[in-house]
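Trainee: In the order they appear, the protein sequences are chains Z and R.
485 is the number that our numbering gives to position 449 of the first sequence; each next residue is one higher, with no gaps.
976 is the number that our numbering gives to position 376 of the second sequence; each next residue is one higher, with no gaps.
Simulated from the structure, these hints should not be mistaken for laboratory data.
Among the clues, some could well be false.
Distance windows between CB atoms, simulated [unchecked claim]:
no., chain 1, residue 1, chain 2, residue 2, range
1, R, S784, Z, K571, 56 to 62 Å
2, Z, L598, R, K636, 29 to 35 Å
3, Z, L43, R, Q1203, 37 to 43 Å
4, Z, G111, R, L649, 41 to 47 Å
5, R, H660, Z, I496, 27 to 33 Å
6, Z, V350, R, R630, 46 to 52 Å
A few chain R positions that, by computed beta-carbon distances, are all more than 10 Å from chain Z [as the list claims (entries may be wrong)]:
no., residue
7, P976
8, N1121
9, V1277
Being a predicted model, the structure only gives us computed values, none of them experimental.
Glycine included, every Cβ here is placed at the ideal spot set by N, Cα and C.
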Amino acid sequence: MTVNGWLQILVFLFVVFLLAKPVGIFLARVFNHNKTYLDPVLRPLEKVIYRLTGVDEKREMRWTEYAIAMLLFSGVSMTLLYLIERMQKWLPFNPQKLPNVPPFLAFGTAASFTTNTNWQAYAGETTMSYFTQMAGLAYHNFTSAATGIVLAIVVIRGIARHETEHLGNFWVDMTRCLLWVLLPVCLVGSLVLVSQGVIQNLNSYATAHLIAPHSVQVTGANGKMTSKEVTRQVIPQGPVASQEVIKEFGTNGGGFFNANSAHPFENPTPFTNFLEMVLIFAIPSGLTYTLGRMTGSQRHGWAIWAAMAFLFLVGVSTVYWAEARGNPLLVGTDQRASALQPGGNMEGKEVRFGIADSSLFTTVTTDASCGAVNSMFDSYTPIGGMVPLVNIMLGEVVFGGVGAGLIGMVVFVILAVFIAGLMVGRTPEYLGKKIEAYDVKMAMLAILILTFITLGFPAISVVQPFGTSSISNPGPHGLTQVVYAYVSSAGNNGSAFAGLNANTPWYNITTGLTQLLGRFFMIIPVLAIAGSLAKKKIVPESSGTFPVTGPLFTVLLVSTILIVGALTFFPALSLGPILEHLMMMAGKTF
Amino acid sequence: MDKRDRRKKQSLTDRKILSRAIADSFRKLRPQTMIKNPVMFVVEVGATLTTIQFFWNIFHHTGQIGFDFQITLWLWFTVLFANFAEAMAEGRGKAQAETLRKARTETQARRVWGDDQTEIVPSSKLRAGDIVIVSAGEFIPGDGEIIAGVASVDESAITGESAPVIREAGGDRSAVTGGTRVLSDEITVRISSNPGETFLDRMIQLVEGASRQKTPNEIALNILLAGLTIIFLVAVVTLQPFAIYSGAPQNLFVLISLLVCLIPTTIGALLSAIGIAGMDRLIRRNVIAMSGRAVEAAGDVDVLLLDKTGTITLGNRQATALYPCKNVSELDLARAAQFASLADETPEGRSIVVLAKEKYGLRGHEFAQHNPSFIPFSAHTRMSGVDLDNRQIRKGAPDAIAKYVAEQGREVPPETKQVVTEIASGGGTPLLVAQDRRVLGVIALTDVVKGGIRERFDHLRAMGIRTVMITGDNPLTAAAIARTAGVDDFLAEAKPEDKMALIKKEQAQGRLVAMAGDGTNDAPALAQADVGVAMNTGTQAAKEAGNMVDLDSNPTKLIEIVEIGKQLLITRGALTTFSVANDVAKYFAIIPAMFSVAFPELQVLNVMHLATPQSAVLSAVIFNALIIIALIPLSLRGVRYRPVGAASLLRRNLLIYGLGGVIAPFVGIKLIDMLLVHLHIV
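Isolated chain R (complex conformation) (with noise of 0.2 Å):
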């Protein structure tokens, strides 16, 4: 199943999840959910109190049985929009979870015994330490490591990738993940997890929301809002008494209708679907968070590191250039480049052939008339090459090839030294081409950074996030290419333990740092950083170490998470301003229709003309449910985010929900007043 696959099946099951949903909705009244939202809370409590003030006067024959009955609906509707955004927020991932569970299946596994002995066990009896054989064809039991053999495996499973990947032990691609697939050969893995608390299990738990914890913004954004809530509760329960000193008491519909309005029933019914978004909007992206917390950090990092390789350029170096020496034709050293490089299986070496090829057209056919025997680099020599007929070419880094030419008493000519320095200097790998222990010319080899890398961190930086490059290049090529790439800082000839020392320098200056890994040795960075985010392909050592895994194992994705995490915050941010602002015009409206039946004067505040006191409130109460609904998409699928400064983000966004956050509700409200009054509803 490809990417598209997947993302177009999660379209087909909206309508599963919407009826699932809704049906949540009301799943979620239970007080015992409930009051873990104490915004949410509040009005369930205030639905269920009118509720039975209705019930009351209808068997007494008091009240505007209209009137009434619309507020209590619409009070319990404000519950079930709170509720039906949560569990629409959290049907995605269950979706997501069933197809994972799918691969949960129950499968066997042949379990080494003693020294050479196998026996079939069920896969839920497997333990951590235990070593089983998988052939071509079965299906991997448990999370492990390949401690022998090589394999390829499909992990579409978990990945949704269909291309199979290569596993084999030693290295850092020696992780499986259990549920997966062999392809080809055969393996022999340690499991390293105990039933239930495999990587697919905790990836389940994930998605379905069922593991999922307040982070710590969200704890103290709902201890704001609990806080808030209170202190209009004291305003609407002292309102009475002043009421009744003023000769205008009010009844309960009223008063209740006014505390939720006012209570930030806003943010309060959306920011767990907000929260849970964040999630699934990573699960999307193929980067399965290990916890919330880890998501918030990555809003708040200051630093990224970023390996070079892979993450800033393309993969390996490549030869981009040919310098002949003097009296060397650029044909002549670009043919016994190619020549000996074909055997070269390196990636360095097949750019050289595509160099020759692409630029000199030379494709090599004659070269088996030759009768090649091929020279393979030895850590001795550090050459490799070819010996033809009566020719011996060799290519290697540059003081090996002069020692090579020294032998028969022969130097590097000056002007070709110079070259070598040049492009040393400038950040390239020199390579010398020799025949005959003849220097013919130079190859550059030079990183290639990747395309559109520079402008994602102008981005970065707008953002006040600084990229350090790490690279085991020495610091002139280091700094060459990061200033290719336009990254603030870089990390020359890094050891792992050097990476790990700038982790704690950044985070004792307190800083919040992000970094990427995947070897066994990234594992100490990974769990040490911020945001570790360990890739698929990598050990189990570093997928355990970090707090986040991408599937893709793509390194840039980083910068990707990052974004999401600020996006989530900024999400939150917006709908609590939003829904603090909406508090003035709702006062406009509640205010002067209580009380301007006993004082005709404040009837001046009455500013939106709504139409009667029962229209106004009313109004004011659908609004408030309504705008709950109205924000669900923008709440799942988050404010849009833009990579400009803090100070034009504020200023953006305090125009937009702010302001629009004050003036929004006076429009709405005095829109649905005069649908009301048109309907002929109240």
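If we strip away everything but chain Z, and leave its shape as in the complex, we get (with noise of 0.2 Å):
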């Protein structure tokens, strides 16, 4: 570890904390319609919107309708992607004339963009066309983070509305967060991009012919090992840069390319590295000063990013700590970071990088549900690598997906009013209003689902032959490989642990199934909540009410999460990478 890499990762988060305010105060007038310099231009055309679509901005829903809302858009938008998939052979911009995506496939791909987790079982270069990218993928990219924009903002409505039941218009919310929101963020930062070296255009791949070719052994078709020289490099090409941005910003994280935000195309300088992860950070940080300024607690919306802030923190120290050591079994070679080398383990990384960026790349990506990567997560030291799981084990709650992860941060908040607000003497509240049954109920039933998927089917695949068959690596490391696809589906993350095959039907229908259900499963039950909480009455605070602000709610929140959300997964991590960790201490690798 070296002190510069500590410098990069706190002056991250500093930038972090300085945007929190400014994005949590715009993204609060962009959702309760107030003024903001935008609206001369999108203000003229959200009304031809309206006025196009019949939808009256005026009239509110409840929880309910927006909900069925919600899932009949997200339900026609993915039977369009998968469509397109099936179709891009006979669709315009496929100049390498790739072939219809398989059935399987497609049907996992469309589920995963649908519900913001972007898991990849393909390479895009080779499976995807350029009209597929641009309208299916990116189209998703954009709509799947606003809904999860808009559903954290119902949320946060029904904490703040009361003996109400009206929690907005999914239709407004939807235009007003892609026009004042996603577009201008995207558009300026596409630039920014391109500026730095990240394509943009519609070119057939290029060719370019090595001026040292090398010589690679393949296996040939009878199972011998042949020498094959390679003197030509295919490049791929695209438009790259306009799906750059909102991969970041919308928590989407599906990559152009296969080697994702590692690609030079994709994240070509250490400035775009930072870009792209603050860009991560930037809207789920600013969601919690949204929080606490739509419910008039500012205290409570800090207390919260200060809950993620610590947890980030431990997680990024853990990785940079376990990257920056090396491994302990290459004896004798020199792992120190110098002028020279970035030393520690940089198997799988990006040299330009380095240990600290990609480290904090990692942790940035699966505490938000990202799952952009700029380094293979296969390849970390188990401790490492367990980092990642862990994240997206709490449930992306630290600062988590656009909207998700402060649903998920909710869910956890009342969990910990309930456990702990009795202890104040009152039936638990949190910001005034009373937590029930219902609300308990909604809050367990969303954990409880995501509990089933995360651990069900994992345990599935590892004792049943069409499971196994894809591990590619014995031992706790291929448990590992097999719980993180399920992990990261279920978190709606998408990035992957990399060494398994997951481009079969039972991984391709389990991990589309885990996404949907992670994702439409955990929301429908929050949002119920949220139209519970906003049907009742403020209780006044007094010095008898729960605080849910300062130092000791923040303590609290964690303990919860890491009791509540980390425990359940012990038993996985200690025949995974713990397991792993101490057996590569003693000598045996897999």
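Starting from the two chains in their separate frames, assemble the complex, guided by the hints.
Mentor: Right, dumping it as structure tokens:
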């Protein structure tokens, strides 16, 4: 670990901290229909959209109606994406003449992009045409992110409003989110990325002739290894920049290329790397401020931010420590950081990012449900690889996905308030709202569903041939691969641990299902909570009210997340990464 | 039987309660009963499964008989301990119900029939609306309202208070309770309840816990516990495939041990005991709550409406000072005031006599020599007094006396008028004393605030509860008393409908309101309030309207009721937190024990250095069972409540039950492990 490395991590967190307030205020203004400086341009456009679609912008919905609108919208969008994938051969912008996507993969991908997961069981440059990338995948990058954000806003409204059933209009919220929040940032951000070297074209793939040809070992049809001379390299092209900003800003994570943000065309410089990380945390961090602002308890918003920042620091420190320490089994190899080498465990990492920026990116992308990667987790040390896994297992509430992170956090807040709230001698209250049986039932339902899918499918996978056949490494590492696939799907993260062949019918279908369940069966109970909270009266605050502000609450919230969120996964972790780490220390690897 | 006797009796029956509780803990093993408590039901199913496996193992000569047997045994103990906790809590109520049942003996009633006829019928035949006559020495056959007569009644069967109370027709003391005994005189009572629905019947049901329903918060907590149980069930069930994949499959005993240790058995076992004990604490303070919901609401109360008289101040106003006019000696004024009041039986009148006696040494012995003739208070003159040989002494309200002296063309001296205004603005009531139509001076009557009441209000404020004093006084007087007593707010010149309006206003702002009341005109407000405590001396209407009845008829008890409500909620929260926090240590005991045979590297996780995998699992299970027994006293007694703000209360309880809950099992499991090794049990 180096001073420089720590500085980068701390500067990053500080920038995220500085952005929380302006982003939070802007979001609150957009969804409260207050004036913003973008209104002169966007307001007329918005009105035209409503007139064309017949949306009455004054009409607010109850939570059930909101949920149905959201499900309908997602369902139709998902079907559209599936059809585009299945028909891309006949659609335009396909210079590489890529064939139609096979059905299971098309379903898995459609589910994955609709749920903001962006789990990719394919390599973008060899599977998806430009049309599919732009009209299919990028479209979902925007809409699934907007869906997450508006749902978080609905939850905030549920907490803030009282004695009402109305929580806002799904179509209006979506339109405003896309027009005011996502599109402007992506427009500007894309240009910045292009200035750094990210490509944006519709060309067919370029071919480069190697100055120094090299030979590779290839397994022939008869199973014999033969040597093959490589003289040319195909360099994929495409409209990358326009897709890159929303990949991070909407915590989508689906890369244009298979190598994701490790690819120089997606993430060319340390500056773009920094920018991309900030983009991932910008909205989730800002939403905590929006929560405080809209509910009238700014200190509560900061208490949640502090809990997130604490868990983030614990995560990033652990990865950085584990990775910078290097591989203890490489005896006699110099793994120290110096002016000439980054040191540590550099397997699977990009030299232009080094240990600190890779560790930071890994923590950020799994804290948020982004899933963009700039290094390969499969090559991390066991403890370094455990952190992303744990981050997602906690429910991605450490800043979390756009909207989804705050939604998950609210579930934990409700649980924390409910478990400990009684200890002040009153029935539990959250910002003046009594937490009653119905709310607890819905919160437990959300957590239960996640537990079922994140533990259930891996349990089946590791004892059935159709599951174990995809595992590339035996022992605890293989277990981690499988568990990670489902945890990542359920958390709508979409990052892969790599090493697991997920493009099989079993994994395509079950991960797809996991993503859908993990998204919508988490959201619907939380929407129900929002609906129930909005109907309640607000009990005025007094000195007897349970404090949801200050360091005490932050500590309580962190403990609840760790005990309720993580303890469930402790057995799986101890047989996976923990065991692997201990065995590695004893000299055994997989 | 006085209160101390009752308490003593309680401890005498402890042995009886204990033996009955042990029997009950086995009776409660019936699955139909257990399923109401999902957490413990899971433990029972687990224990049944290990029992079957145990016998199967014996039959097939496999397994480790000693270990398997002990795990099975302790799993059953866990269930039994939970049942025992509930039975113990119920036991106290049951003993009390028995005492009450004795009061419900069949009696004969004299029912009025036709115009003037009476007939003897058994009390069980009485219906609401029947009219009965009860004479001295007879038991009142049912709940009702006195419609004629006045009597002294022994209510010790209900209240435990041996001193008889006066009950009379009309007014706010007209309610009588079935099973109490008339000591003197004869009363005519209109029966108000049907057999089986009397106050006594309801009380028996309540203390016995027969009609106990889960309260809203208890239901919510049960959902949380059931949810956690399912989560851990999934975690344990899926652990087996992971273990099989890793080449270290587990046996049923270890898996069920892990499950039982992880699910929140501690709070699951004690939850209903905490609720029953909360009701029981109220009953022991002679408050009958008609529902557990009311007790919970008491903890949530934001506003307390307190009647001034009897709650904040000592009964009535008392004479506290005399202010003579110019040229009148204080002693003369005192003597005149005393003479004017000797025949005055009102509390104010008596307090004047007492003041003259205590402060001026006057005993009024010479009084009889002056051929006194009393002038009683009349609404017309608004004065009272006495005519002696050649003197006329009067006392009364300042304007009445002013009118009285004006008839002789005299005036109230200006400096006396000044004194009158000062007393009034200070919250007191000035009375003028005049002799032969000449003003002698002023008597100041003031409210005497109960000792220690200010501190109690300070405590309530720290808890975030606002106190509002309700009084019929004018705003000036009310403000002065409010200041002295330290209440947050007051409602002056209050009429019953004002009280109602205030409650509705507070409730509209989302606050919960508690109040105490006794009169019929209090009934609507009592019904509207979230916690309405009716005085036992009150009318039947008030008792029906409220959701609690205070048998001691002490309105100050409202504060205690709030504290008991809070204590109940705190105890629940503390044990839930403790139970959840315990899981950390149990994982560290059991997970290494499960896998360290196949993977010796995992021994690192055995931070407690437990001797063997078997001893580790067994220690965790034993700790899990014993902690239930260890916490029974706390759940029955309740976590001590401190009147401080929520933030410091939370900090303190989180430290004790949260952090303590993380640490305690590490220590406990280690100690049990050492003991097991020492005794060569595993």
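Trainee: Taking 46 to 52 Å as the hint, is the beta-carbon distance of V350 (chain Z) and R630 (chain R) inside that range?
Mentor: Since the Cβ atoms of V350 (chain Z) and R630 (chain R) sit about 48 Å apart, the hinted range of 46 to 52 Å holds.
Trainee: Within 56 to 62 Å or not, the Cβ separation of S784 (chain R) and K571 (chain Z)?
Mentor: Holds, at about 57 Å.
Trainee: When you look at the beta carbon of N1121 (chain R), is every beta carbon of chain Z farther off than 10 Å?
Mentor: 28 Å, holds
Trainee: Please test the hint of 41 to 47 Å on the beta carbon pair from G111 (chain Z) and L649 (chain R).
Mentor: This hint holds: roughly 43 Å between Cβ atoms.
Trainee: Just checking, P976 (chain R) versus chain Z, shortest CB gap more than 10 Å?
Mentor: The assertion about P976 (chain R) holds, with a minimum of 50 Å to chain Z.
Trainee: Taking the CB of L43 (chain Z) and the CB of Q1203 (chain R), does the distance hold inside 37 to 43 Å?
Mentor: The hinted range 37 to 43 Å holds for L43 (chain Z) and Q1203 (chain R), with Cβ atoms some 39 Å apart.
Trainee: Holds or violated: 27 to 33 Å for the Cβ distance of H660 (chain R) and I496 (chain Z)?
Mentor: Given about 29 Å between the Cβ atoms, the range holds.
Trainee: Look at the Cβ atoms of L598 (chain Z) and K636 (chain R) and judge whether their distance stays inside 29 to 35 Å.
Mentor: 32 Å, holds
Trainee: Run the C-beta distances from V1277 (chain R) to all of chain Z and say if the shortest one exceeds 10 Å.
Mentor: With a cut-off of 10 Å, V1277 (chain R) remains clear of chain Z, as the shortest Cβ separation is near 24 Å.
Hint compliance for this structure: no hint is broken.
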